[in-house]
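Colleague: Using the sequences and the hints given, assemble the complete structure.
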Amino acid sequence: MDITFKDVGYTYQVGTPFESRALHEINLTLRDHAFTAIIGHTGSGKSTLVQHLNALLKPTSGTVTIGDRVITPETNNKNLKPIRQKVGMVFQFPESQLFEETVAKDIAFGPMNFGVSEEESLKRAKEMVQLVGLKDAVLERSPFDLSGGQMRRVAIAGVLAMKPEVLILDEPTAGLDPEGRRDIMGMVQRLHQENQLTVILITHLMEDVANYADQVVVMENGGVVKVGTPREVFSNVQWLRDKQLGVPETAAFADQLIKKGFQFKQMPLTETELADELLPQLP
Amino acid sequence: LLGRFIPGDSIVHRLDPRVKLLMSFYFVGIIFLADNWQTYLFLFLFTMVAILLTKIKLGFFIKGVRPLIWLILFTVLLQMLFSSGGTVYWSWGPIVISSYGVVNGIYIFMRFVLIIFMSTLLTLTTPPLSLADAIESLLKPLKVIHFPVYEVALMLSIALRFVPTLMDETEKIMNAQRARGVDFGEGNIFQQMRAIVPLLIPLFVSSFNRAEDLATAMEARGYQGGEGRSKYRVLSWQLADNLTILAFALVTVVLVILR
Amino acid sequence: MAKIIDVTNLNYRYPQQTEHPALKDVNFSVDQGEWVAIIGHNGSGKSTLAKSIDGLLPIGEGDSGTIKVGGITLTEDSVWDIRKKIGMVFQNPDNQFVGATVEDDVAFGLENHGMPREEMVTRVHEALKRVRMLEFAKREPARLSGGQKQRVAIAGVIAQQPDIIILDEATSMLDPEGRVEVLEIVRKLKEEENMTVLSITHDIDETENANRIIVLDDGQLQESGTPEKIFAYGNRLIAMGLDVPYAERLRTALRKRGTIVPAQYLNEEGMVDWLWTSHLKM
Amino acid sequence: RLSARSIAILGLLMALQLVLGKFPVFGIWSVRVDFVFLATFIMGWWFGPWWAGLAAVICDLVNTLILGGSGTYFVGFTISAFLGGVIYGVFFYRQNMSWWRVIMATLIIMLVVNVFLNTLWLTILYKTPFWGILPIRILKDLILTPIQVLLVYWLGTNRNMLSLRDRL
Chain A
18 MDITFKDVGY TYQVGTPFES RALHEINLTL RDHAFTAIIG HTGSGKSTLV
68 QHLNALLKPT SGTVTIGDRV ITPETNNKNL KPIRQKVGMV FQFPESQLFE
118 ETVAKDIAFG PMNFGVSEEE SLKRAKEMVQ LVGLKDAVLE RSPFDLSGGQ
168 MRRVAIAGVL AMKPEVLILD EPTAGLDPEG RRDIMGMVQR LHQENQLTVI
218 LITHLMEDVA NYADQVVVME NGGVVKVGTP REVFSNVQWL RDKQLGVPET
268 AAFADQLIKK GFQFKQMPLT ETELADELLP QLP
Chain B
40 LLGRFIPGDS IVHRLDPRVK LLMSFYFVGI IFLADNWQTY LFLFLFTMVA
90 ILLTKIKLGF FIKGVRPLIW LILFTVLLQM LFSSGGTVYW SWGPIVISSY
140 GVVNGIYIFM RFVLIIFMST LLTLTTPPLS LADAIESLLK PLKVIHFPVY
190 EVALMLSIAL RFVPTLMDET EKIMNAQRAR GVDFGEGNIF QQMRAIVPLL
240 IPLFVSSFNR AEDLATAMEA RGYQGGEGRS KYRVLSWQLA DNLTILAFAL
290 VTVVLVILR
Chain C
83 MAKIIDVTNL NYRYPQQTEH PALKDVNFSV DQGEWVAIIG HNGSGKSTLA
133 KSIDGLLPIG EGDSGTIKVG GITLTEDSVW DIRKKIGMVF QNPDNQFVGA
183 TVEDDVAFGL ENHGMPREEM VTRVHEALKR VRMLEFAKRE PARLSGGQKQ
233 RVAIAGVIAQ QPDIIILDEA TSMLDPEGRV EVLEIVRKLK EEENMTVLSI
283 THDIDETENA NRIIVLDDGQ LQESGTPEKI FAYGNRLIAM GLDVPYAERL
333 RTALRKRGTI VPAQYLNEEG MVDWLWTSHL KM
Chain D
67 RLSARSIAIL GLLMALQLVL GKFPVFGIWS VRVDFVFLAT FIMGWWFGPW
117 WAGLAAVICD LVNTLILGGS GTYFVGFTIS AFLGGVIYGV FFYRQNMSWW
167 RVIMATLIIM LVVNVFLNTL WLTILYKTPF WGILPIRILK DLILTPIQVL
217 LVYWLGTNRN MLSLRDRL
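Residue numbers (the numbering used here), protein chains in the order written: chain A, 18 to 300; chain B, 40 to 298; chain C, 83 to 364; chain D, 67 to 234.
Just to be clear, a hint being listed does not mean it is correct.
Unchecked claim - Below 20 Å or equal to it, Euclidean Cα-Cα: the simulated SDA-like pairs (lysine to any residue) are:
no., chain 1, residue 1, chain 2, residue 2
1, C, Lys106, C, Asp163
2, B, Lys270, C, His195
3, B, Lys211, A, Asp293
4, B, Lys270, C, Asp299
5, C, Lys363, A, Lys23
6, A, Lys103, B, Asn214
7, C, Lys338, A, Asp293
8, C, Lys363, A, Leu299
9, A, Lys277, C, Lys220
10, D, Lys88, B, Gln231
11, B, Lys270, C, Lys220
12, D, Lys206, B, Leu274
13, A, Lys122, D, Arg225
14, D, Lys193, B, Phe186
15, C, Lys220, B, Lys211
16, B, Lys211, C, His195
The set of hints was computed from the structure by calculation and includes no laboratory data. Since the structure is predicted, the reported quantities are computational estimates derived from the model, not experimental observations.
Modeller: In structure tokens:
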């Protein structure tokens, strides 16, 4: 399911004194089965952009095409629900959406809203708990008795249980420790590779972009300023610095080495790539 | 962000919030004195002068009437239809439109409008925080009867400080649940009631967690009750404040004479 | 050097979770002017340790040990004096902002100590200037970024002029810019005021500034050493709740490919220099 | 004396009460249902009549004076707010939740506070004819009562809310 933006603009609180333009002239295609990372400063419009992907927001100008559904400013608010089942959204700090008395019920909540039977939903809950790396024993516990990292996984399981085709994650590892970050990102990568999920990731962590994404969208002041593969985007270290976007550690390190006279065929993005390229240049 | 305060530099803006608060209470009191067209006209003129002094457009004041418009129309209509006396213009069974009724209706309308204008004047010209300070300051005498003034003031300021935070949070949770297939405000009454469960529980839980964090931070910064605390924010009473009180006193005298 | 924090045989259990102790026999001390980073994965007891030093935890039966701050033993009577010596910055920028505006928040701690208003005004002004938030003095917290809110929290600490600043995962919820700003300010405070810093963190940049790193696991002190020593643990750092520094990752990757790499940990600069000199020898 | 913790929790609940007043999540016919009463109920349940009453008073002050809610400040409505908090406190503070308690508390608040007192205040303040608006008020409250009963009972027996109370 491709998602296409055509001349999309979005303005908050149109017609009030607080009117503010959050997006303008967005033209973008997010391909089926791709892993896209969206980067940019806080306030650059990333979160507004992704809320168009499951029709939580409708464009104030232009059109968003999600699979075979076309969303325009005139689209009726009803009947948007099927889109939200197909495009699952994990908000930042998603543990704040937990509310049920047990983990199982909370995970089953989403699918049941989309008409899946209770029995089937609870069965999915059991699957999803394993998928996000938790033990069956948590199913009957209150989600509020779990640790922060476990709550985060339950919340993600709650979205996965809807069996979406597209998974949007807004900084899914914010506030977690390195181990938790690695686990969550590993899980996302598995979902992408094994379950063929289209993944859209908002992140500040350039390492994650370099390691997992195959397309990067760079946003600034409500517009898209660059789209490309991680290597294309990260090759120009100076451009990244000018935009104050943060440079992946490998690229930054390689950049220092280039200044010292090292040469690389292409900009290395991970330490293994860098090591491979360094090997022939060392005694 | 909060409330309806419109920043400005008028003489009304600069008045001590305590004076504005007290006088807006007092105004509700003296409006009971109005009982004929002279008194109503006088109060109307007085209110208009006050509004003029704020340098804020009249439209903002009229907006304050909007939420009560049905109550106003309903009250005015009942007054007009069911009070008898004077010349009868039209009647049908118990329903009578008389000159007395029409005049009464107009008075009631004026009463509504004047009260709303005056309290709107307060909220438009006074920042929320100043009003909170004023409330605290005016509660202070209650310390004599062991009323927990400091604690209440602190709660009030915490409440004000967290309203925008919780507004954002509410919005966020609603979006998250919408993404999980919840429709807010749609369907029959039971569906609508069911829809708020996934909103309310997270809100209560998050408020509780925030409060715990906040309490820890407060204690880490040496908060041990209201005793012995000093205050960073101060209010200062000036000549204009005394003059305002004088003006209201004069209005009262005039009203009594005009009655 | 004088020990400004001295913890001996500290044992702690949370009232609700009596079966599992949060801290077991913890012993450690911090010197005046030292920057100590405490690391450990989530649930290892780091935050518990920080809070117990400030007397912020309810003490029950079976909790034992002594905590001395600036020579004073922490007791129910001395806790308020000790809190004056310590400024804490917590994880969630929103939940520690007490005041309705920036300046009110900075003044909150001073008000608690009954400081005369004139002095408060100068201290608030000075503190906001130090964290470069002066122009935001009248702002409400809802209009600030996470990093700005944390800077205000630090201003609140500065205004109280404590000897110690404890950062309890203070940068973990910030975006990269916010993180850099906050760390820069803390670094300056330490240099200019000789303030003692205790930072609980997962962030590698934060630990690089430290003089010493302490590793907690399951409520016990596992390890203590210079960043160089701790960073050399390579991939084991992840289980300790810390990222692996980039230079260390590269050193491991090169070693795996058979390159003879230096035996000890090198920081990034050191790594570049070493690569460069080896490169020249070719 | 109140601990920092209780002050913070009450302060946050007050903030929540103000926020809930701004989100009319649903309505039936033209009766707007907001959830302000749920925050008041929680304060009464957790902190007792005195604090719940006091907090409700402060919320009323904030709502009318600061947020510029409906109309003007009038001491009568403050009395109503106070009584609402007190009644929830009397019925639920350190008491077991039961259907009849919920029904009684809700009915008393509806009849005494909403129907009788609030109509009286309008009559005093705006000379609105008492008997003229009483039927409308009664009709509106007839619709609201069962909704409030259900929601209060549900919230008061919710496992997550109970565990929050245990953490107090």
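Colleague: Confirm or reject each hint.
Modeller: Checked hints:
{"no.": "1", "hint": "C:Lys106 <-> C:Asp163", "in the structure": "26 Å, violated"}
{"no.": "2", "hint": "B:Lys270 <-> C:His195", "in the structure": "10 Å, holds"}
{"no.": "3", "hint": "B:Lys211 <-> A:Asp293", "in the structure": "45 Å, violated"}
{"no.": "4", "hint": "B:Lys270 <-> C:Asp299", "in the structure": "43 Å, violated"}
{"no.": "5", "hint": "C:Lys363 <-> A:Lys23", "in the structure": "56 Å, violated"}
{"no.": "6", "hint": "A:Lys103 <-> B:Asn214", "in the structure": "16 Å, holds"}
{"no.": "7", "hint": "C:Lys338 <-> A:Asp293", "in the structure": "11 Å, holds"}
{"no.": "8", "hint": "C:Lys363 <-> A:Leu299", "in the structure": "8 Å, holds"}
{"no.": "9", "hint": "A:Lys277 <-> C:Lys220", "in the structure": "48 Å, violated"}
{"no.": "10", "hint": "D:Lys88 <-> B:Gln231", "in the structure": "17 Å, holds"}
{"no.": "11", "hint": "B:Lys270 <-> C:Lys220", "in the structure": "16 Å, holds"}
{"no.": "12", "hint": "D:Lys206 <-> B:Leu274", "in the structure": "43 Å, violated"}
{"no.": "13", "hint": "A:Lys122 <-> D:Arg225", "in the structure": "13 Å, holds"}
{"no.": "14", "hint": "D:Lys193 <-> B:Phe186", "in the structure": "34 Å, violated"}
{"no.": "15", "hint": "C:Lys220 <-> B:Lys211", "in the structure": "27 Å, violated"}
{"no.": "16", "hint": "B:Lys211 <-> C:His195", "in the structure": "38 Å, violated"}
The structure is inconsistent with the numbered hints 1, 3, 4, 5, 9, 12, 14, 15, 16, although it conforms to all the rest.
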